[in-house]
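Chains A and B, in that order, are what the protein sequence lines are.
Residue numbers 1 to 100, in the working numbering, belong to the letters of the first sequence in order.
Residue numbers 101 to 236, in the working numbering, belong to the letters of the second sequence in order.
Just so you know, the hints here were simulated from the structure itself, not pulled from any lab data.
There could be a bad hint or two in this list.
[Stated by the list, open to error] Computed list of lysine-lysine pairs in DSSO-like fashion (alpha-carbon distance at most 27 angstroms, straight line):
#1 B/224 with A/87
#2 B/188 with A/41
#3 A/87 with A/48
#4 B/236 with B/224
#5 A/87 with A/41
#6 B/188 with A/87
#7 A/48 with B/224
#8 A/41 with B/236
Here are the chains, one letter per residue:
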Amino acid sequence: MTIAPSAAAAAYNATAKIATQSGAGAAGESGFGDFLSNAIKDSIGTLKQGETMAAAQAAGQADMVSVVNAVNNAEITLDTVVAIRDKVISAYQSIMQMPI
Amino acid sequence: MDLSTSMTIAASGMRAQSSRMRVIAENIANANSTSPTPDGDPYRRQVATINSEFDQQLGATVVEAGKPVEDQSDFRLQYDPGNPAADKQGYVKLPNVNPLVEIMDMREAQRSYEADLTVMEASKTMLSRTVDLLNK
């Protein structure tokens, strides 16, 4: 059985069209990319707040409890971001190592 | 997230207890402060007030230290004619601070602070153990 290269190209084009359509529909509501970038923006804000509080404490302008709270939040956020990043990278590597 | 909210609530409790501790420290430090003049009043004991307040942004009820209120009970009188603060009969007005009461208040503030610390620690452990699930 032989497959014509033109038929294969047509099948690929059809699949790609479906993929882009569904991708566009999902991005309109809330795509995974949007979710990820929002989460990362939030965590950067939390980390910055922790840093600001630590600096204020060093200048003697903040109480210890607020600093501990802000730094704790920043630490947990960073841990979460790192864990998710590791997970995403390992998923990517699994896909890349997949025998074709 | 609920767990980080509970950490913020515990932090507000710790802040309130430390402000209460400050009032107690003032009372204990001033337990013997008399007036420099015979007709003046000595140090008046302060009572720490603690109020609950709804935080709109957080969506939870947090603790706030209110303004300290003066204790209106009578001053102690002690016979000490040599004291510059003594009146004509030789009595000196001493602050209405009872060190025993202050020590008990201090213990209570300390225990409440420890309770808040425990809540904070537990919430943090719950959060980080959950994040640890991703690392397996």
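Going through the hints against the structure:
no. : hint             : in the structure
1   : B/224 with A/87  : holds (22 angstroms)
2   : B/188 with A/41  : violated (73 angstroms)
3   : A/87 with A/48   : holds (24 angstroms)
4   : B/236 with B/224 : holds (19 angstroms)
5   : A/87 with A/41   : holds (19 angstroms)
6   : B/188 with A/87  : violated (83 angstroms)
7   : A/48 with B/224  : holds (19 angstroms)
8   : A/41 with B/236  : holds (25 angstroms)
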